[in-house]
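Here the protein sequences line up with chains A and B, keeping their order.
Each residue of the first sequence is one higher than the last, beginning at 1 in our numbering.
Each residue of the second sequence is one higher than the last, beginning at 1 in our numbering.
Read the hints as simulated data drawn from the structure, not as lab findings.
Don't take each hint at face value.
To be verified - So, partial list: chain A residues that the calculated Cβ filter (under 8 Å) puts toward chain B:
hint, residue
1, 165
2, 168
3, 381
For glycine and all other residues, C-beta sits at the position ideal for the given N, C-alpha and C.
Protein chains: 2
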Amino acid sequence: MRVFIAGVDGYLGWPLAQYLAARGHNLGGIDCQLRRRLVVEAGGESAIPVAPIQDRLTAFRECFGEELAYCNGDLLDYDILLSAIDSFQPDAVVHLAEIPSAPYSMKGPAEAAFTQQNNVIGSLNLLWAIKTAAPEAHLVKLGTMGEYGTPNLDIPEGFFEVEFRGRRDSLPFPRQAGSFYHWSKVYDSHNIMFACHIWGLRATDVMQGIVYGVSVSSDLRLCTRFDYDAEFGTIINRFCCQVVIGHPLTVYGSGRQQRSFLPLEDCLHCLTLALENPPGKGEYRVFNQFDRFTSMRELASMVQEAATRLGIHTEIRHLENPRQEKEDHYYNPDRQHLTALGYSPHINPQEQIAFMIEKLLPWKDHIVTRRSVLIPEIQWDGSRRLATQLDTRGIP
Amino acid sequence: MRVFIAGVDGYLGWPLAQYLAARGHNLGGIDCQLRRRLVVEAGGESAIPVAPIQDRLTAFRECFGEELAYCNGDLLDYDILLSAIDSFQPDAVVHLAEIPSAPYSMKGPAEAAFTQQNNVIGSLNLLWAIKTAAPEAHLVKLGTMGEYGTPNLDIPEGFFEVEFRGRRDSLPFPRQAGSFYHWSKVYDSHNIMFACHIWGLRATDVMQGIVYGVSVSSDLRLCTRFDYDAEFGTIINRFCCQVVIGHPLTVYGSGRQQRSFLPLEDCLHCLTLALENPPGKGEYRVFNQFDRFTSMRELASMVQEAATRLGIHTEIRHLENPRQEKEDHYYNPDRQHLTALGYSPHINPQEQIAFMIEKLLPWKDHIVTRRSVLIPEIQWDGSRRLATQLDTRGIP
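Bound conformation, chain A alone (with noise of 0.2 Å):
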């Protein structure tokens, strides 16, 4: 198959365009490398160096054999796009070029807007490249769990039958995203739904929850990035930075929030059994992709003790939430469309952790020197002030 991986360079594509590579598949891609740039800007540096795109590139090519088509380039560039679509004819494209913070989202009018219009944006140039140049191919797009929200009902894979008034009605399930950079996922959606219906696209909308873990490759160039700082890091992989150089764990709040979450290694598995398993031309389906979800308390004190095994002491800090965000809810997803095509967990998370943390132990320096970028300071209500910690006997 031939697959066409937006945002090639990035925490997810780099390892997903190997794993498709090992499984024969052909690659190609595209990626203008703001994810670099973003978290340099936030002050952040990935805990495993970066190789250059073209080292990078170099060592895919000695690696599998094959080139993977590269176009250095921004899905806001809608000739390069359309061009870079048109010349490789992919059979699917993997749409993971966006701009993935909510705290970055939350920072100022400039970042929000930003955040937006390069998601929204970006997206929208690739549904029309898609449907001008490859209307066959089969859109594969992250999306976020974090689209639903928190409502008090359990949460279906997309749509749901609803009755009101006595009439019934299959409709999308109504979102509720916690930060404009949700909001612009639930936006990608809503587009990519009508452009199934109107053109005959064909999509999968993968509601994925919180990515962690780290690359296995001993060939650095092939390794993917590892980013700990609050804008850019996501909780688990921000836990282990914080293992790795003695640093507490810092969670937002009473930690009774719960989300979803999925090592690496699964979010590749999925992806992959998504474009395996491609839907009918006109299908816009939605697979909510995690592989358990816990409250963030709980995950807290999973990495503690996977540290603890490893003989490290690790201290648990709360810190005051800088989100606004409903701290007490129901939370139950539904998992069932990846299970039917195969997909069943099997990653014991503390042992992940504990490999993750192995990993990371050589780096430790290198975190030590940007430790600061681990405290929070961007506040859901636009102003800027570093977390303070919460006294935790008032945290039931």
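Keeping the supplied structure of chain A fixed, place chain B upon it in accordance with the hints.
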């Protein structure tokens, strides 16, 4: 009350400024005259000539004895917008500054992207500017009944009570828009709801039906524009221009599609009701704003009869539908919020339409020269071809 109108040079903005000034309110506004440019690009022109903005402002001062505090600027320019809001210090902001055309948004990738960028980012900038410079101000935002699409359920006002697998919640009513333009309005609605929630802003999101009507002033500088081209003209206004030049009334498809409608005068009255009865701090409310709903076909008959009474014979012609939409569907939207505030529809549409036709007759020669813009050529599949006549024998 100090009311700031974004889009004050537009079809609704200009008469609204006068309506509010006549009630003793102080007016300010911003516009970048995008609508004027887009109509010209579409090959159209207002049937009733539009005075330059400076002449309009002069007439406003002469008529109401005070200045309209006008800023020539684009909502996409955050600094200009912020400074305009900051210096005017509004009690309320009416946001009408969006690209309002479904066909324009379906024309091609550039127009789709521009519509969503202009509308979504413009509105997002406005939210940040209000939060920053006038956080107590009441935002009245023009949305569209088209955000809802045509679900097989009654359409409530924004939210509904859901029971799902034995649990209950009050959730945003799912939106199913029919063009990239209509989706841009949905995205605005979500961003506004979120801003009210996290920042404590107050907003009324107006899901408005299709407006029809002309200005009544004898001073041309005070009259509003009147578009009839297939991109920016709305259906009843276009029908009236067709009557005036003896062109058949062009109905898309079977004409059984139902939509909500509203005379211009009622639109001004309803927006004023919203303004003069603001929501509480942090409250996001949705008003469905229309006077009646009916099918396109009944509408054409209504216009035909109004024309007949004026002694003008008019035919009805069905064209191939350039849109992708359900033509047979359930349609029953609520309209309780405005009624509760005192709105009571009383305008006879046929009399109103006859009045419009009479007002347009002096501009007949004007309209006839651009008669070609009456026929749609933008297809929802992204192609361009003039809609051809349907054989009505096939239409039940």
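> When the hints from earlier in the document are held up against this structure, which numbers fail?
Replying inline: none
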